[in-house]
Amino acid sequence: MMHPLRYTARSARDRAAVPGCAVLVVALSAGAALVAPNDARAQAHNPPKAQADTYDYQWTQNPFAGDEEKIADGQRLYKNTCYICHLENGGRGPNLKKSRLADTAFIRVVREGRKGTQMPAWRGKLTEEEMWKIYAYIRAQAEGAE
Amino acid sequence: MKTATRKRMLAGIAATMIHGLSPVSAAEVVTDEELRGAPANAAEWLIYGRTYDNQRFSTLTQITPENVAGLRPVWAFSLGNVDGVEATPLVDNGVMYVSGPHATVFALDARTGRRLWQYKPEEPEGLGTVLCCGPVNRGVALWGDMVYVMTLDARLVALNRDTGAVVWEKTFGDWQQGYAATGAPYVVKGKVIVGVAGGEYGIRGYLQAYDAKSGDLAWTTYTIPAPGEPGSETWTGDAWKTGGAPTWQSGAYDPELNLIYWGTGNPGPWVAELRPGDNLYTCSLLALDADTGKIKWHYQYTPNDGWDYDGNNAPILADVTIDGKPVKAALQSNRNGFFYVLDRTNGKFLFAVPTVEGINWTTGLDPATGRPTVNEAMKPKADQKTVTPIVPGLEGGTNWFPMAYNPDLGYAFVPVNQWAMSLTSHKKEDIAYKPGQVFMAMDYKMHTQGDTVGHLKAFDVANRKWVWDIPSPLPLFAGVLATKTGLVFTGDQLGFVSATDAKSGKVLWRFQTGSAINASPITYEIDGRQYVAIPSGLGGDPSFYYQGPKGGTVWVFGLEPLSAEEAYSGPWSGHVVPVEGGLTPVPAQ
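Chains as they are written, first to last, in our numbering: chain F, 1 to 146; chain Z, 147 to 735.
Keep in mind that the hints were calculated from the coordinates and are not lab data. By construction, the Cβ of each residue, glycine as well, lies at the ideal position given by its N, Cα and C atoms. Take the hints with a grain of salt, since some may be wrong.
Heads up, simulated DSS-like pairs for lysine-lysine below, C-alpha to C-alpha not over 25 angstroms straight-line [stated by the list, open to error]:
| # | chain 1 | residue 1 | chain 2 | residue 2 |
| --- | --- | --- | --- | --- |
| 1 | Z | Lys-574 | F | Lys-125 |
| 2 | F | Lys-97 | Z | Lys-591 |
| 3 | Z | Lys-573 | F | Lys-97 |
| 4 | Z | Lys-591 | F | Lys-98 |
| 5 | Z | Lys-580 | F | Lys-70 |
| 6 | F | Lys-125 | Z | Lys-387 |
| 7 | Z | Lys-696 | F | Lys-125 |
| 8 | Z | Lys-696 | F | Lys-115 |
Here are some chain Z residues the structure puts well away from chain F; computed CB gaps all over 12 angstroms [stated by the list, open to error]:
| # | residue |
| --- | --- |
| 9 | Gly-240 |
| 10 | Pro-247 |
| 11 | Glu-269 |
Sequences are here, hints too, so could you generate the full structure?
Laid out in structure tokens, this is it:
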């Protein structure tokens, strides 16, 4: 080997370098892959701060839990929108199955994007119903994985 | 030297103009003659590939294999962004022009790293929904008194070289339909040529040329023929309308043949059986008339691609001896795992060699034409069955990063990656084109094949043999620079910039830049000092697979540091500017 360093994926990962003030930025963001192993924990300790959310939600919690047809729609939508960054279990964007953002907090990030990261705003491209379908698919996947 | 007073321009965050004085002349402008004469102008780096032949070969001689171990940082400049840097900086008349992500452009004093101006384009909300691979940008182009950059939302912006002010801008693609831009514009004969990204969004690719001075559209050439045009017989039904063939990397130019060479990307959707035929001109090299943009010949590396084997990486134009005969060749290292040598006068296949081991999407290339015999077992169908392991993975082989060529040795220095992938199509009845939406219809997974992914390899073109191979634990995504003194510079995913002996493949110097290097090194000379510059900053495709320290920085190295006085020579008033209202004078008593 020409190179003196032995590389393993585990050892090269950044660990827990998450200042509290950066949590809003790292959770569920496309540019936040560097904290993916820790984002769930970080979010649990530092939930996104509630900012004034004046959006008039059609639903305030997952309306499609257990609805297989809507979840299948959600899977199709996920593949044609989220997948290109988040892949199946995280890529340039974090693994969404591990996201602890609940219900409207999740929808809000999809709708508005995440400033300072590569997560774009999907309003105008996806309807709220489509966002909820995607959310329902991700939650179903996450529960299936547990 | 003349000095130019720089005006302050305030336009919110859209453009940040830094006032101050520059030691550089404002009178000299870049001409077509100067661009053609780049081979003899070793001190500057005026074109993406340094010269129109893309060799990235410098005849500067101060830095040698004997003294390169003494290279040390001269200055560094933070690009202020964590989204990844893929640019090749340009240097003209003492100024470095470099782009960061989001097509932000910086003009820096190339001796000291002092910021002269910067330009940051505004971006529409939701633009990120059509960026497959991050908000990257691969560089700018120079002509006249202007600097050209392509924004992610497919605008060509001409900036005044001395102020960074927008002179004109042209929208050349509709981002809402998935047309984006990440490459460096390419100037030939007073026209700026631009290409589009969007092969994952069902676009129909094209190239356009704009008058460098006025911004008027000169020509448009689609990379997928319309029905009735030559090549249209390689499509079935309406597949051509959403067939891809993006043009997201720069080109090459042969002034004698008056041909521009440009590579094209993958067809859409990725599921090949949905678009029967060869699908011209996807995954191809095009030779275009430099005046009209008309396609003179094409060479398709991967007909009816089903593996996302884009052929965008621009060729190196080199005059080589093949089987005892002098040949005007085009060299291209492809994502499909082969290094191609073509006759650039007519597009005839000369030979190809594998760059990676265990290629299995094809059982081999036709020795006369290079046409691959496809291994159908390794070509995914629209049946949701996972095909694995396909070698190479879709990242290649060699992705977009430019290799270099040393004409004295006849060696090409090629970064390649040895890895594999799985592909699984979506359910056939679910596959439908929707404007601005992802049109891949395929799930993919990249796989390692052992401990080592990256290899920097030297290829002796005339003798058709690999000379040396430097493994790198992580994939290589940086461009390469070769020098006449027998050095090869590049960067790696651990963040090291390195210098290697071109003949022996011995690594002679390494420096840790703080973040992964996915950009391309250059070299230039000012006041008798030779510098090597390379931007670092993790992002782009490697960020799908690796996490690491982030942040874009341009690093510049030389053999001797500037003196304390030289390094400080300003004025630095534009480098760091006061926050408005942040500090105010002591109130009057």
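Checked hints:
For the suggested pair Lys-574 of chain Z and Lys-125 of chain F, the alpha carbons sit about 23 angstroms apart, so the restraint of at most 25 angstroms is met. For the suggested pair Lys-97 of chain F and Lys-591 of chain Z, the alpha carbons sit about 17 angstroms apart, so the restraint of at most 25 angstroms is met. For the given pair, Lys-573 of chain Z sits about 22 angstroms from Lys-97 of chain F by alpha-carbon distance, which is consistent with the 25 angstroms threshold. This hinted pair checks out: Lys-591 of chain Z and Lys-98 of chain F have alpha carbons roughly 19 angstroms apart, not beyond 25 angstroms.
For the suggested pair Lys-580 of chain Z and Lys-70 of chain F, the alpha carbons sit about 19 angstroms apart, so the restraint of at most 25 angstroms is met. A threshold of 25 angstroms between alpha carbons decides the hint, and for Lys-125 of chain F with Lys-387 of chain Z the separation of about 22 angstroms falls inside it, so the pair holds. Between the alpha carbons of Lys-696 of chain Z and Lys-125 of chain F the distance comes to roughly 30 angstroms, so the proposed pair goes past 25 angstroms and is violated. Between Lys-696 of chain Z and Lys-115 of chain F the CA atoms are separated by roughly 17 angstroms; this keeps the pair inside 25 angstroms, and the hint holds.
With a cut of 12 angstroms on Cβ distances, Gly-240 of chain Z stays outside the contact zone with chain F, its closest approach being about 34 angstroms. Its closest Cβ contact with chain F, about 9 angstroms, brings Pro-247 of chain Z to no more than 12 angstroms, contrary to its assignment away from the interface. Against the 12 angstroms criterion, Glu-269 of chain Z falls within the reach of chain F, whose nearest CB is about 10 angstroms from its own CB.
Hint violations for this structure: numbers 7, 10, 11, all remaining hints satisfied.
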